[in-house]
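Got chain H; can you put chain D on it based on the hints?
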Amino acid sequence: MTVKWLMHFQPNQGTTLTSQVMAEACAVAESFPGVSRDGRWRSSMTFYRAVPRDQSLPAPSDLPRDLIGISLHDLPNEYLFVMRSQRLILRAHSSVQTVMDKLQSYKGRFFINFEGLQYKWGDFKLRIGKCLYNPNEALRGIVMEVEYLPLSSIDKSQRVMEEFYEIWREAVASKLLAGQFINTEVNFVEYGLGDSYTPQHTAVLYGMCVVQVIASSNKNQ
Amino acid sequence: MECVVQGIIETLHVEALEILLVGLCGAPKQRVRVHELCLKSGPNLVSSEVRLLCDLAKTTPSWTIRHVGGAMRGAGADQLSVLVRPIAESKASSTALRFFYGIGYKLDHEVLKTGFAFQFQNRGANLTVSVTSTNRMPRLHATDDAVPITPGIHLVEITAPAAPENYTEVASAIASFCEYLSPLLHLSKPGISTGIVPTAAAAAASLMSSGGGIKIL
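Sequence order for the protein chains is H and D.
Residue 1 is where the first sequence starts when you use this note's numbering, and the numbers rise one by one after that.
Residue 1001 is where the second sequence starts when you use this note's numbering, and the numbers rise one by one after that.
Just so you know, these hints were derived from the structure itself, not from any lab.
Predicted model, so just to flag it, every value in this text is computed and none were measured.
Note that the Cβ used here is the ideal one computed from N, Cα and C, for glycine as well.
Just so you know, not all the hints are guaranteed correct.
Unchecked claim - Coverage of chain D stretches by chain H, computed from C-beta distances (three or more under 8 angstroms per stretch; other residues unrestricted):
no. : region
1   : 1036 to 1047
2   : 1080 to 1092
3   : 1165 to 1177
So here's chain H without its partners, still in its complex pose (with noise of 0.2 angstroms):
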């Protein structure tokens, strides 16, 4: 699988963020020269909450909170769960969502979908989308996805996702979009990652995005 980087927008202090940003960040990506629209492009997740055995206690605090389970665009019959206060990462096949539903102990509690337009440019595959509550659709972010498409390894293509956020940042700016888009850092050697790219990295950089997602959300509102 080859690397990718996950950036979200934030907003200026003091703005509030409309789907008009992603007309105007599409934009953004169209104005580079050779680039193509490539189609849409959806992934969900899914918020867990454990399922006390005395249902009239709230959930003891020994269990997991922060237990998210994530579809991604890219591997429609794969599901992965990811716990960050864990540093742990399960990848499975789809039907392990059928398993989980059939445990009963940790049911879906809201859930989030991504989803927008993709775009090739050269070498890259770029995915800017909305983040969206579901299912009253009320709009929480703005994200983007980049791909380097001729590299697995994360060191060796450090250099060129750097130079490619260098160009986007500039380009946005140019733009006058009201905030910029900041780029989800994350230490995977916490999570037993190594420097080969997996559907287990995307994983970790959507449960560390969406949790800023959320927290620039609710400050703006």
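Positioned in the frame of chain H, the structure of chain D alone reads:
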């Protein structure tokens, strides 16, 4: 959903059973070495049970998460000679055990199943016949030091995936295959013990002397 029957056979007759199965199935024998961990939810969580299966027969161990539901009940189910039950399974990464510990499950017991299996089709159903010894481990996860729980006895199990619209046909396919094994062992719903078959010794001797060469299916 799956259909399942089980039976037992004395270990000294396993070789004869293997000869019979080679002839009946026409499929290659597969080695079985599965570390099965049964986990139960902790006291704070809604009560549930899950099994993790680690296949140690391959070069790289692979993990499966498995939930076994309650047996189908009712007049229709009672009339079947096989047990029908819902099954949910998922292949998973090697972090499966840590994951379930992390979400509040505890190890209830673990066993190592060793033996062999055949996978083949009978009457359109995909059958798996496994012949295994169930072993316990003297220390946590010590699969290399496992010893049989019932020395001298092997478990024979026939399973087949099924769907609500075809489980009666699948059950029939299993039942018909069981007839071929009846000289050596009787298979029935799990939990209903039929013991050792009195003709097993004679049937085994006959198989060993003939050396196989039987192809019925």
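Tell me if chain H covers the region 1165 to 1177 of chain D under the three-residue, 8 angstroms CB rule, please?
violated (count 0)
Check whether three or more residues of the region 1080 to 1092 of chain D sit with their beta carbon closer than 8 angstroms to a beta carbon of chain H.
With 6 residues in contact (Cβ-Cβ under 8 angstroms with chain H), the coverage given for the region 1080 to 1092 of chain D holds.
Between the region 1036 to 1047 of chain D and chain H, see if three or more residues pass the 8 angstroms beta-carbon test, and mark the coverage as holds or violated.
Holds: 6 residues of the region 1036 to 1047 of chain D have a Cβ under 8 angstroms from chain H.
Checked against the numbered hints given earlier, the structure breaks only hint 3 and satisfies all the rest.
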